[in-house]
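Number of protein chains: 2
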Amino acid sequence: MKNLSSFVFILVAVLATTFSCKDEVTSDPANENQTISDEHPKLILTAQGVNDIRAQLGTIPIFDNTLAKVKEEIDAEIEAGIEVPIPKDYSGGYTHVRHKRNWVVLQKAGVLYQILDDEKYAKYVKDMLMQYEALYKTLPLHPKTRSYARGKLFWQCLNDSNWLVYVSQAYDCIYNYLSEEERNKLETNLFRPFADHISIDSPQFYQRVHNHSTWGNAAVGMIGLVMDDQELIDRALYGIKDLKLDATKKDDDGGFLNKDGKAGFLANIEEPFSPDGYYNEGPYYQRYAMYPFLIFAEGLHNVKPELKIFEYKEGVLLKSINALLNLSDADGDFFPLNDGQKGMSYYNSALVTAVDISYHYGDQDPGLLSIAKEQNQVLLDDSGLAVALGIKNGESKPFTKTSINLSDGQNGTQGGVAILRNENIELVFKYAAQGSSHGHYDKLSYSLYENGEEVIQDYGLARFVNIEQKGGGNYLKENKTWAKQTIAHNTLIQNENSHFNAKYDIGSQHHSVLHYFSSENENVQAASAKEPNAYPGTEMLRTMAVIKDEDFEKPYMLDIMKVTSASTNQYDFPFYYFGQVLQTNFEYKTKETLQALGSKNGYQHLYLEARAKANSDNSKFSWFNNNKFYTLTTVTNNNDELLFTRIGANDPEFNLRRDPALILRAKTTKNRIFVSVIEAHGSYSPVTESAKNSNSNIKKLDVVLDTEDYTAISITTINDNTKLFITSNTNASKEAKHNITINDKNYEWSGSYYFK
Amino acid sequence: MKNLSSFVFILVAVLATTFSCKDEVTSDPANENQTISDEHPKLILTAQGVNDIRAQLGTIPIFDNTLAKVKEEIDAEIEAGIEVPIPKDYSGGYTHVRHKRNWVVLQKAGVLYQILDDEKYAKYVKDMLMQYEALYKTLPLHPKTRSYARGKLFWQCLNDSNWLVYVSQAYDCIYNYLSEEERNKLETNLFRPFADHISIDSPQFYQRVHNHSTWGNAAVGMIGLVMDDQELIDRALYGIKDLKLDATKKDDDGGFLNKDGKAGFLANIEEPFSPDGYYNEGPYYQRYAMYPFLIFAEGLHNVKPELKIFEYKEGVLLKSINALLNLSDADGDFFPLNDGQKGMSYYNSALVTAVDISYHYGDQDPGLLSIAKEQNQVLLDDSGLAVALGIKNGESKPFTKTSINLSDGQNGTQGGVAILRNENIELVFKYAAQGSSHGHYDKLSYSLYENGEEVIQDYGLARFVNIEQKGGGNYLKENKTWAKQTIAHNTLIQNENSHFNAKYDIGSQHHSVLHYFSSENENVQAASAKEPNAYPGTEMLRTMAVIKDEDFEKPYMLDIMKVTSASTNQYDFPFYYFGQVLQTNFEYKTKETLQALGSKNGYQHLYLEARAKANSDNSKFSWFNNNKFYTLTTVTNNNDELLFTRIGANDPEFNLRRDPALILRAKTTKNRIFVSVIEAHGSYSPVTESAKNSNSNIKKLDVVLDTEDYTAISITTINDNTKLFITSNTNASKEAKHNITINDKNYEWSGSYYFK
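Top to bottom, those sequences are chains R and B.
Under numbering that gives the first Met the number 0, the residue at position 355 of the first sequence is numbered 354, and the numbers go up by one with no gaps.
Under numbering that gives the first Met the number 0, the residue at position 521 of the second sequence is numbered 520, and the numbers go up by one with no gaps.
To be clear, the hints were calculated from the coordinates, so they are not data collected in a lab.
One or more hints might be untrue.
A pair holds if it fits inside one copy or across any two, identical chains being indistinguishable in the list.
[Unchecked claim] Straight-line distance between alpha carbons at most 20 Å, and here's what the computed EDC-like set of lysine to aspartate or glutamate pairs gives:
#1 Lys-341 with Glu-688
#2 Lys-590 with Asp-658
#3 Lys-396 with Glu-179
#4 Lys-476 with Glu-591
#5 Lys-612 with Glu-640
#6 Lys-87 with Asp-364
#7 Lys-691 with Glu-72
#8 Lys-755 with Glu-549
#9 Lys-590 with Glu-652
#10 Lys-143 with Glu-179
#11 Lys-755 with Asp-701
#12 Lys-553 with Glu-422
#13 Lys-691 with Glu-82
#14 Lys-400 with Asp-330
#15 Lys-476 with Glu-586
#16 Lys-722 with Asp-550
#17 Lys-691 with Glu-76
Please work from the sequences and hints to get the whole structure.
Encoded structure:
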């Protein structure tokens with residue numbers, strides 16, 4: 000801390016005495032337009048922004064601290080010397096890691112040169128760029144062959160694009176430090192061929208609507224902005240001119256390369272974002288795609304303000320930041336919808352970019368300042384300055400996450416994701432479209448959280464990102480054989496087949512349909528959606544609610560899955576809990592030897608640990624995890640089975656976690672209503688060794704009515720208090736009036752559901 | 000906070016104006032001795048102590064806050080009303096929990112009466128005691144029959160004794176508030192019969208050396224001190240007069256009831272504590288036994304100072320507190336040696352008692368103040384006042400835990416426990432005696448921690464203490480069939496049999512023997528011990544070290560297990576790691592179906608997940624847990640097998656955790672040297688998705704010499720730096736001089752080992 004504050008002090012002193020205008024800033028007003036695009040920096044940092052930042056330095060703690068850390072980091076790198084190795088490795092390997100590090104270092108050194116006005120940073124950037132220039136012109140395709148679009152510095156064009164997105168910024172920062180000759184050399188031998196390789200030479204990567212292409216577009220566009228090259232800028236915005244790809248080809252992940260011919264940055268904004276800002280691949284990839292979307296948008300805003308990029312598609316880029324922040328749990332970790340690695344959170348640097356840009360270019364939401372404070376760093380640019388000033392001026396307010404419904408699809412008509420929040424309980428209900436090549440086959444699935452901790456988990460992806468020992472850090476084959484399959488999720492599986500037979504081209508044609516979303520009543524947060532296509536001939540209508548009731552310690556989850564089918568089927572209905580079995584009201588028998596539950600569609604990865612026959616109208620299962628108690632109460636009949644399973648079968652390289660599930664299995668059934676309540680209750684202290692409220696509060700869960708139009712569930716507590724939840728299966732609009740009689744009693748209400 | 004500080008303010012104001020001497024404090028100096036034993040309170044609180052406390056109130060934050068919290072807690076109880084239900088349940092059940100709660104409430108209400116001088120607390124205590132008096136005289140034995148010594152309020156005399164230890168204090172606090180008639184009523188119908196039931200009526204519980212008896216002794220003694228009943232006090236100190244029990248009988252846990260006829264509080268101090276203060280059952284039960292030891296000792300100190308109880312056996316009671324604090328990891332959690340539930344820590348209230356008493360009656364170690372600060376509460380008595388004043392006066396210093404060797408056995412000659420600490424790495428090496436009925440069969444076993452997190456775990460007990468759903472909260476049968484067995488521990492298992500055939504009477508006759516302990520060199524913390532009896536005809540000598548070497552990121556563990564046998568055997572050598580398999584240098588084949596590894600001695604609880612043949616001189620296994628990397632390098636030969644196992648087979652009620660292990664198996668072997676290094680290295684961030692230092696730093700681990708007298712191990716890093724560790728297998732005294740030649744090179748040193 001001492002070093003840091005003295006550094007800031009010296010900095011301010013130095014700046015106060017040595018600050019002078021850059022000679023490229025002309026004061027001729029007649030020439031102003033010309034100046035804007037000629038002056039540098041102009042991309043992310045601007046000349047005016049640099050002036051403002053320098054003026055405030057030493058008085059804006061979060062900015063000053065970020066700057067001091069970056070300076071320390073880059074000074075150490077300069078000390079260690081430049082390394083630009085010949086490309087050789089996959090992700091996680093030495094050359095991969097080094098080039099990845101270099102792009103970060105170059106970008107930061109460039110920024111330090113601008114803010115600190117110290118030539119050593121400019122020289123460092125120049126020297127490294129010259130080494131890249133010398134190397135790049137000698138490079139063939141990267142020697143590793145696994146990618147559908149190989150890069151030159153990296154095994155995939157994607158990473159080459161990452162590099163250029165960052166390095167464009169560095170180049171912009173030292174542009175005026177370089178001689179024209181030096182610039183020509185870099186542009187001719189490095190930047191232009193680099194941009195061409197990831198675009199013209201790699202259309203299967205570049206010319207599509209996909210997060211990969213977004214990086215490619217941004218890379219080409221940003222270097223185009225710096226070089227003032229309109230052809231590159233147009234290629235970035237609209238795709239490679241006059242190029243049409245084979246619409247039937249697929250990429251490594253099984254996604255179509257380019258089904259409808261759309262391409263370019265604008266198309267990449269247009270299609271994957273819904274009007275609510277939901278990104279079709281889910282929050283993990285939204286986070287990944289976010290950086291090129293926003294950083295290129297910031298560059299466009301600065302250099303091409305006439306494009307009004309932040310207003311494009313009714314301001315969807317800024318809306319998407321709000322959506323993404325809402326797709327995180329109480330700890331800021333993103334919900335692992337589709338392919339998502341757990342633990343990724345809004346502490347990721349892409350979210351620093353997102354939060355700062357959203358604050359500065361949006362409407363200065365003071366809630367964003369509280370997230371920025373948690374992130375404890377800001378962008379070293381105009382937006383970071385704005386955030387730092389906001390925090391300094393005490394404008395920060397808590398960022399409050401409430402229930403939210405996010406539509407999916409370009410026009411918001413392809414299903415969506417509903418997040419139900421009630422006190423510390425969060426339920427994520429997915430009724431979205433396929434989610435591109437990173438989508439999982441899990442229509443109407445959900446996961447449940449208590450205070451940021453998983454209660455009923457979504458498995459996430461089967462990958463150890465950047466851990467080289469596990470398949471080079473890339474997707475593992477179990478991602479396809481397990482993680483994407485329906486049985487890996489908390490939804491209905493018919494006849495041990497995945498939804499859409501786990502076929503991407505079929506799944507991509509469909510989406511679930513919102514039935515209703517209701518968050519007006521603070522005690523009852525509810526969402527309901529239909530899925531008619533996952534299993535042809537079978538329709539699922541799932542209604543989920545998180546209900547706060549005075550008879551319960553915490554809000555509980557109510558789940559009503561109504562299945563209507565033309566055929567007789569087996570239905571599996573899993574609950575992926577965590578922790579240890581505490582108690583059941585059914586007698587299970589554990590297996591002497593463990594065998595896989597099935598042979599395909601993910602079932603080959605589940606061991607069957609125990610089996611039971613349901614023997615009462617309600618099957619109850621309590622478990623214990625992280626010193627908290629949970630109970631599932633679910634309506635069953637005597638033909639139902641209950642299976643205790645564990646992931647891990649047919650996993651020859653121990654790629655899967657050994658996580659448990661309870662699966663409710665209904666055999667030879669046509670129509671079925673699955674009704675379940677999950678209570679989070681009580682706690683245990685291993686220090687005092689006392690268990691509080693360790694038992695379920697529910698005596699009886701009953702389906703008192705189930706017709707085409709209505710399903711009514713009664714929930715009776717151990718104190719014999721009964722509540723009734725009636726959901727409207729057909730007409731569920733907010734205005735709809737209902738009047739029905741159940742057991743001679745009349746119920747009248749308007750809206751989607753009744754609860755009393 | 001507002002309420003709390005205003006409460007303290009009012010309190011001080013009230014006390015300043017209303018304080019008056021109790022009328023039982025006589026001012027006649029001639030009568031002083033008489034007064035001391037006649038006045039009340041005298042047991043834990045003393046009249047003088049109460050005066051001192053009242054004088055300081057409002058100026059001693061940690062004491063004031065504790066008091067405010069206790070007041071809030073007890074006021075709520077008084078508000079809720081008294082409940083004294085007819086006994087009915089096992090641990091965790093309603094009547095059990097209520098009576099347990101009542102003893103806490105009574106003790107606290109008594110203290111509040113003394114400190115706050117508010118009659119409402121005295122009346123509350125009196126009213127509840129009268130209800131107990133009315134109930135107790137009607138009570139038969141508790142209806143639950145599982146205990147070897149049934150109580151009346153509780154299912155076991157142990158809990159009845161807990162009750163009396165606390166309630167004696169409450170009675171002392173309101174003694175003078177009661178009329179003589181009331182006191183007679185309580186003493187005649189409640190306290191004396193209560194004391195008799197847990198002692199004279201339950202000699203199998205009372206008349207032994209065991210933590211149960213310690214509670215019994217303290218209960219009888221404390222009520223004896225309050226009632227000034229010398230017969231009860233003697234019965235407490237020396238056991239039931241003239242009673243000898245059958246020396247061959249056993250208790251519920253398989254322990255002998257009374258093998259050598261010793262009994263009473265002094266015998267219970269004498270025998271289980273070693274001179275270093277190690278308690279033979281291990282830290283979990285020491286924590287449990289600690290409260291009655293210390294609280295009765297405090298009472299004896301106050302009422303019978305002539306006994307000099309804190310100097311008894313060279314001050315072993317206070318030494319034992321230091322030993323116990325050292326038997327905790329970086330988070331303060333006790334190492335789960337023998338039967339120990341994980342998560343029990345020095346935040347337990349018994350440790351508040353221990354820390355405060357140790358500070359006050361010991362030598363005011365300022366390190367204890369820092370633990371008291373973490374505990375954030377103090378005893379509401381003289382010792383708590385002393386701690387509060389120490390903290391207030393800024394005397395607190397960090398409690399530093401370094402490597403420590405704790406001898407076991409009454410005279411410190413029955414093996415022990417060595418804890419090796421080096422930066423954030425802690426290794427617990429157990430070479431102790433059996434540990435009474437709670438002992439496990441794990442001679443020369445170890446567990447390894449990094450910064451308070453388990454790297455190589457000890458399973459602990461198989462019990463969910465006070466969680467009624469799991470076997471009434473009592474020991475589960477898997478505690479015997481799994482947790483106590485040798486294969487559940489990180490040590491050598493010969494021919495799939497447990498040490499001493501898991502027979503308590505054999506195990507109790509033996510202990511391991513310290514070979515050496517060396518902590519002088521801060522880079523090399525080492526301990527070595529022999530076990531000649533666990534398997535007759537086989538001798539194990541295990542030498543363990545935690546070594547800080549500049550070539551490594553963190554200190555690593557070196558383990559040398561030298562096995563010498565007269566017969567040919569199969570040896571299993573397990574490593575109970577946590578997390579996911581990352582990489583091996585051997586090819587394993589996973590099983591299609593999982594079967595138990597064996598049929599008995601704990602092996603019936605292990606599933607075999609995968610099997611491999613060792614195929615090089617070093618077998619390497621890397622794993623990944625909680626975003627950190629670990630690597631085992633172990634010396635193997637081509638006949639060795641490596642087994643991946645998981646706990647959970649033959650577990651019909653899901654009582655066991657599904658934890659993994661790697662087992663090194665040597666078949667048809669006589670003598671064998673197992674040499675292993677475990678490195679903790681690197682880290683992974685799921686936010687930046689970067690893996691640091693994820694690979695082992697060891698290229699080669701070699702046994703370069705192994706004779707009767709010496710074993711020499713060379714450790715070569717990937718940078719080809721080689722270090723040599725030579726351990727002296729015979730003469731290992733600090734003074735011994737050694738001179739040997741290995742591969743033509745001469746090594747000369749003095750002391751237990753050589754490392755360079």
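State the violated hints by number, sorted upward, taking the hints as numbered earlier in the document.
Per hint list: 3, 6 and 10 violated.
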